[in-house]
Structures are given as C-alpha cells and as structure tokens.
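Just add 89 to wherever you are in the sequence shown, counting from 1, and you've got the numbering used here.
Please keep in mind that the hints were generated in silico from the structure rather than gathered at the bench.
Please note: incorrect hints may appear among the correct ones.
[What the hints assert, rightly or not] With a Cα cut of at most 30 Å, we get these calculated DSS-like pairs of lysine-lysine: (1) Lys-620 / Lys-784; (2) Lys-566 / Lys-378; (3) Lys-261 / Lys-284; (4) Lys-644 / Lys-784.
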Amino acid sequence: MSSPLWLTVRLSLAVFARHYFKAPLQAGAILLGFILAVMLLIGVRATNENAVRSYSQATELLSQRAQLILAPVTGEKAIDESVYINLRQAGITQSLAVLTGTVTNSAGQRWDIQASDLIAALSVQQHHSKTNGTALPAKISMLSSGIPLAKLLSGQPYILMSQSFAEQVAPKGAFELAGQMLSVISVDDEFGLGKAILMDISLGQNLLNQPGELSYIALFGNATQLTAKVTQTFSQQTVKQFELAQQDEGEGLTSLTRSFHLNLTAMSLLAFVVGLFIAYNGVRYSLLKRQRLLVQLQQQGVPQRALLIALFVELLTLVIIGSVLGFILGLQLSHWLQPMIALTLEQLYGARLLPGLWQWSWLYQAIGLTFAAAICACLPLFNALAKQPLARSSSRFEQQRHAAKTQRVLFLIAIALLALAAALFPFSRDYQHSLILLGLVTVAIPLLLPLSLQLCLSAATRLSRNSLWQYAVAESKELIAPLSLAMMAMLLALTANISMNTLVGSFEITLRNWLDARLYADIYIRPPNDKIGATQALLAQQPKVSTIYGQWLHKSHYQNVPVSLMTRDAHSLRNSNQMKAEIDNLWPLFFEGDTLMISEPMAIKYRLNVGDLVSLPEFENASQPPLPIGAIFYDYGNPLGQVIVSQHTWQQLGLQTRPTSIAASYSGEIAELEQILQQQVPLSAAQMYNQAKIKQRALEIFKRTFSITLVLNSLTLMVAAIGLFSACLMLTQARQAPLARLYALGVSRNQLRGLVSLQMLLIILFTCILALPSGALLGYLLINKVTLQAFGWSIAMVWDWQAYFRVLFIALGASALAVLLPLYWQTRKPLISSLQREAL
Numbered sequence: 090m091s092s093p094l095w096l097t098v099r100l101s102l103a104v105f106a107r108h109y110f111k112a113p114l115q116a117g118a119i120l121l122g123f124i125l126a127v128m129l130l131i132g133v134r135a136t137n138e139n140a141v142r143s144y145s146q147a148t149e150l151l152s153q154r155a156q157l158i159l160a161p162v163t164g165e166k167a168i169d170e171s172v173y174i175n176l177r178q179a180g181i182t183q184s185l186a187v188l189t190g191t192v193t194n195s196a197g198q199r200w201d202i203q204a205s206d207l208i209a210a211l212s213v214q215q216h217h218s219k220t221n222g223t224a225l226p227a228k229i230s231m232l233s234s235g236i237p238l239a240k241l242l243s244g245q246p247y248i249l250m251s252q253s254f255a256e257q258v259a260p261k262g263a264f265e266l267a268g269q270m271l272s273v274i275s276v277d278d279e280f281g282l283g284k285a286i287l288m289d290i291s292l293g294q295n296l297l298n299q300p301g302e303l304s305y306i307a308l309f310g311n312a313t314q315l316t317a318k319v320t321q322t323f324s325q326q327t328v329k330q331f332e333l334a335q336q337d338e339g340e341g342l343t344s345l346t347r348s349f350h351l352n353l354t355a356m357s358l359l360a361f362v363v364g365l366f367i368a369y370n371g372v373r374y375s376l377l378k379r380q381r382l383l384v385q386l387q388q389q390g391v392p393q394r395a396l397l398i399a400l401f402v403e404l405l406t407l408v409i410i411g412s413v414l415g416f417i418l419g420l421q422l423s424h425w426l427q428p429m430i431a432l433t434l435e436q437l438y439g440a441r442l443l444p445g446l447w448q449w450s451w452l453y454q455a456i457g458l459t460f461a462a463a464i465c466a467c468l469p470l471f472n473a474l475a476k477q478p479l480a481r482s483s484s485r486f487e488q489q490r491h492a493a494k495t496q497r498v499l500f501l502i503a504i505a506l507l508a509l510a511a512a513l514f515p516f517s518r519d520y521q522h523s524l525i526l527l528g529l530v531t532v533a534i535p536l537l538l539p540l541s542l543q544l545c546l547s548a549a550t551r552l553s554r555n556s557l558w559q560y561a562v563a564e565s566k567e568l569i570a571p572l573s574l575a576m577m578a579m580l581l582a583l584t585a586n587i588s589m590n591t592l593v594g595s596f597e598i599t600l601r602n603w604l605d606a607r608l609y610a611d612i613y614i615r616p617p618n619d620k621i622g623a624t625q626a627l628l629a630q631q632p633k634v635s636t637i638y639g640q641w642l643h644k645s646h647y648q649n650v651p652v653s654l655m656t657r658d659a660h661s662l663r664n665s666n667q668m669k670a671e672i673d674n675l676w677p678l679f680f681e682g683d684t685l686m687i688s689e690p691m692a693i694k695y696r697l698n699v700g701d702l703v704s705l706p707e708f709e710n711a712s713q714p715p716l717p718i719g720a721i722f723y724d725y726g727n728p729l730g731q732v733i734v735s736q737h738t739w740q741q742l743g744l745q746t747r748p749t750s751i752a753a754s755y756s757g758e759i760a761e762l763e764q765i766l767q768q769q770v771p772l773s774a775a776q777m778y779n780q781a782k783i784k785q786r787a788l789e790i791f792k793r794t795f796s797i798t799l800v801l802n803s804l805t806l807m808v809a810a811i812g813l814f815s816a817c818l819m820l821t822q823a824r825q826a827p828l829a830r831l832y833a834l835g836v837s838r839n840q841l842r843g844l845v846s847l848q849m850l851l852i853i854l855f856t857c858i859l860a861l862p863s864g865a866l867l868g869y870l871l872i873n874k875v876t877l878q879a880f881g882w883s884i885a886m887v888w889d890w891q892a893y894f895r896v897l898f899i900a901l902g903a904s905a906l907a908v909l910l911p912l913y914w915q916t917r918k919p920l921i922s923s924l925q926r927e928a929l
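Use the sequences and the hints to build the structure in full.
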C-alpha cells in the first residue's frame, strides 16, 4: 500500500516543482522569509552565546582564569611589589602580578592599559595546557616566533594588541602613550586580548609612574589551598595589607549583562516572527494560485493524504534551503555585530569577548524551530485546500466571508490577550515575568490589525465621493485578507521601532538630567593615597578655587553581595542626589546619624522601602545598630548597590579619614588648573576628569550600549519592508485581470497606477497610525516594568514626536517603493492578455 502512496507523492512533488519553475517568484518569496528569519535569529544567538562563553572562560590576559585575587585593602590603590616577590619565593609559582591604569596620549585620549609579569603568564599558560592534557596551539603561544619576547621582558617600549584592534588604532605599528612612542606587536585574536593594551610590568610601572606597585595579584589553582598558603606565608600584620577574593566562574558578568542579552534575544525573536510572516504569506499565496491545480490532481485520482504529504515535503525542503542560507548569513551578521557588543561590554563591565565560535547544532535547531512554526501556521491552510470540493473551488464570496470570520476571531483573541496582560500587570515583580506580559501584548497587537483596517476603510468609504475612488476604497477592503500578514509584520516592526525609540530617547534625557545634577563640580580628581593631602592643600591655595568637595568610598557587602558604602561632604550630599522617595525632615535626621540612604537599584533588588532597617558588616564590627532608610536616590551609573551614610556615622564606623576622590569648583579654565596639578603635585592627566569630559564619556557609553539594539531594530524594519515588497509584488501579479477589466472600461494606465497606489498606501497609512498607540504601550512596559526591574532604573517616559514621524516617514517611503515598483512592472505588460488568460 505504501508504494503507490509514495509514488503519487513523488508525482505530486514533480508537478509542484514544475509550477515553481514557471512561477519562481512564489518560491523566492517563501525562501526570502525563511532566510531573513533564520539570519537574524542565528546572528544574535551566535553573538549572545559567544559573549556568555567569554564570561565563563574569562581569563587573565595570556593566561587561564584566576581562582583567587589578592587585592589592596579598601582605601588603598596598590599592593607593594614585595608581596608578589614573597609569594614566588614561598613556592606559589602559579601567580601573576598585574598593574592596570589609565594613561593619555598627546591628543588627550584616555587609554586603559594592563601590565603583567609575562614570564609568569607564560608559565601559567603552559601549566594550564599540560594540566588539561592539551597541547597549546603554536599561533596562540607566547613562544611564537613573531613575538620578540626578549625585548618585551627587557622593558623596551613594546606593547601587545590583538590584530584586529591594532589595525584600527595603530595601522603603522606605532602607538603613543604618556609622551612615549611605543612599538606595537599584533597577536592573533585567539589570545583573547580584545581591546586591551598589554605590556610587561616594568614598562607599565614607568608609564603609570607607579614604581614598585601592583594593582592586584592573580592566583591559580585550588582556592582553599591557596588561601592556606598565603596565610602561612605572611604574618597577620602583613595580611591586613591586602584582601583575598575568590573568583566566580563568570556568573557575576553573566548576571550583570543578562538583561542586555535578553533584550537582543527579544529583538531577534521579533525579527524571526516577522520573517515567518513573510514566509507564510508566500506559502499562502502559492497555495491559492495552485487551488485549481490541487482540485485537478484530486480529480485525476491523487488521494488527499498524498497531497498533504507532498505539501509537507515541499515545505520542509524550502525550510532546509532557507535555513542553510540564513545560517550562513547569520554567522556573517554575528561577525559584524560582535565588535559593537564587545566595545559596549568592555566599556561597561570590563568583559573581553573571545573570538566567535559556531556550532552545527544551531543549524539543526533553526531548521526544527522554523519547520515547527511553519507547520503550525500552514496546517489549517493545507488541510482546507486538500479537502476542498472536487466539483469547484471556493468562490470569491466564500473566501471573503471566511476572511471576515477569521478577522473577528483574531480580534477577540487579541482582546483576550490584552485583558490577561492587564490583569497580570500588578502582579509582575520580576523582569522575566514582565517580559511575558510584553510578549502577550506583542502577540495581541498584530491580531487587532485586520479588523481595525476594515473599520478604518469603512469610514473612509463614507468620506469619498468620486465614484472611481469609492471603488478603490471599497476594493481595498478585499485586499486586507491577502495583505494582512505583510501588514502585521510591518506593524510589529514599526511598534518595536517606536517603543525602542521611546526607551532610548527617554533614557537619554533622564541620564542627561541626572548627570547635570550629579556633576555639580568643575573638576574631579582621583589622586594616589600618598598625594591626597598635597592635592587638597594645593587646591586650597588657588584663588580661583571656590569650593573643595570630598568623597569617601568603602567596599562592603549586603546579604553576601558586594555594595558600595560611601559618604560625601554636606554640600554634595544635599545637592548631588535626586530623590525617588524620602522621609519628612530627612536632612537633620541624616546628618545626626539616625538614618541612611540607598540607591534605587539596591532598593528594587532587595525590595526595600523607606523606613526599612539596613545593617552592614561594618555596623556589626563597630557595634552600630541597623539604621532605617531615610531616602532612596536615583542611580544610573553603578551596577552595584550603594549605601550613603553621614560623616558622623562614617566616623563612628571607624573607616578611613582620607577621601578617595576630590572635586572642586573653579572659576577659570579647567585646563589651567589641570596643568597646575600636573606640575606641582604632580598628578597625571588620567587622574583628573573635568565635568564636560565625564558627561561626554557617559553619553558615548550610553550610545554604544543601545547602538546594537537600534541596529537590530532597523534590520527588523528592513525585513518587514522586504516582506511588504514581496506581498505587493505577488498581489499586483494576481490582480492583473481586475486591472485589465478597468482598462477595458476606459480607465487609463496612469489612473490605474494612481488607483492601486492609493489603495496600498491607504492601508499602509492606517497601519502606521495604529503603530503609534501600540508603540507607546510597548514603550511604557519597557520603561516602567522591564528596565525598572532588570536594572533598577526609573526613567521618565518622553514622547518624541519628531523621531516617531521620522520613523513613519521612512516606513511610508519604503512601503511606497514596495508598492510602486511591482505596480509599474505589472501595468507595463499588455493588460488584454490578462483577460485572455482569465477566460481560459
């Protein structure tokens, strides 16, 4: 029994192949949707998974991941180099001295550098490869012939950069820092240097003017055994000069960046759905054009089961071809996106992304996901067409009636989803739950579109008086069914674009206002500990310095999670914090030490409110009882929680008396004061920040952070425009006969083009108008739910009409191009031939 069935299936597939050979546009539209859907899905997934892999394999440069970090105690910025020498002499050879800092070039640009003991790095690298039983590849070994190791270790001015980074900033092989010209050695990107600048520790100490100092010491091996060895090596008094911190396996970075990657994933899934809409639209059009063919095959004795199997095999073949092409293009897209993400994550979190890898399993998963989604979308259509009556195909009236019924059902489903989201809205207290609400609203918005367009066109019909235009508007209602999927994709893309523009624009305005309030001084200085007193004394002697401010910072923990404990001078405390919530009569109680303030991210993370008690380890050590929260302040720059106490409380806790940073108000040119500090203290340019430069740097990081999202947004809009183009091309091809009848009745070609253009653009215009409230709704959820819960940032929602109308103008322009080009191609053909084909 199976042999005849498969024979008929094979014959049916041969007939379908001949159909596509004569109508390649239909197969191209289906493949285009699958390619675009898989391309964006794989591109973002490859980038995200590579980033997460980089966090879990985060390493010391040229070495393996450290299990323990020996860092300076709070208030100190460096460790004496003798500590590292004592560790090596005590037999702890799997250790690495590291010095980090910021230096400037002659143009005033700041560059972060890292200096290491390169011999120790090589030892750890070789030990790690032997321990894991793997030989180190020659191209990523420090012993590579292209690396002048002797010159590096002798302290000569040689620095290491990744090959891709060196091509950007030092194409001629030379790089200037701190007034010295350095020779650049570019190494393979497999080293994982990213945007880092690496050198030997002797050169780094010279550039940073920190002889005999280290930023930290990385220890490799078993953390428990290492802790015991360090404790045995140093006396109790020496141990108090540094802190031991055990490293996680990248969970900290993964946690910090989870929301960032989740945002990218959501955008890629949205683009995937838009691409599936395009593919489904192509499948639907292809099946409608083969409606008579399917009836004829059944009349020739082909069973319905064989037709369904043939249709599924055809769909699977198109899915596989589209997924393979989309997979290849997606990997290329990831190659373009990764530098943008790497720059963002290195600036925000200090995370270096390793070179990109890909897996064949992503292709298989993409094929499975795409095929499953395509089957779910196309099964009802396959089933209806395969089981249609053999005597005749469905009439146009029946098709319109079925479409009207479907539109009402979709509208009711959308209303139900929106009602469910509204009911769950007050109970979503986690950003992951809020993303589910966001998903419900995102699914509901396009389902509202078909019936909404019908209502809008019904209103437009009553307003039109010209008979030809009345016909055009009335016929537009029949076009909604074949165009609905393409318009749903366009609506989704526009909604996402408007909502993300709302988020980005609102955040930028909020951030600017916050920076204006926070950066009240003209210059901010972070001198070394031994120069703090000299810096304060010199500032006090300057006649143009009107006020000197101080900030004290201490690393602490709350519920075993790192937080910042800090205080400032009275003026700074009163004027630099924007309050979200506060008690009555805050400042007298605060300055008397009866209350404290916490940042908004900390309050949201631990669900703390004004009046709740907070206690830190420093409170317990000083027998200080827990203090109530007197205020919650906005904070957009610190991924950790922050607790602010008064100077009185700070002194009671017995914390350091020297400020960690100094600020000053200056009535002259800031460059003049910077020069005085450089010459007389002396301080380096990298230790001074003027207000304008801080704002500029903060806004640059902000723009980099959201640039990747805006790129994906634009790609999604482009995908929707391509989908609309293919839909319009297929629709104008299908409407040749109606256009020919109008032409036979005396309507000129130009009138026909204007008529069809009006129909299409009217539908597109109503879609763009509907995108405004739906985009505002999604923007509200993004701002007041997802961003607030994920990052702890309250953002004032700002409606930027200029930006939205710019997006709508772009959408209308792209849509007009998608409509007019196919229309022009089709109306150039002899229209009488369309009537002849219809008569046949």
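- Message: If you test the structure against every hint from before, which numbers come out violated?
- Response: Failing hints: none at all.
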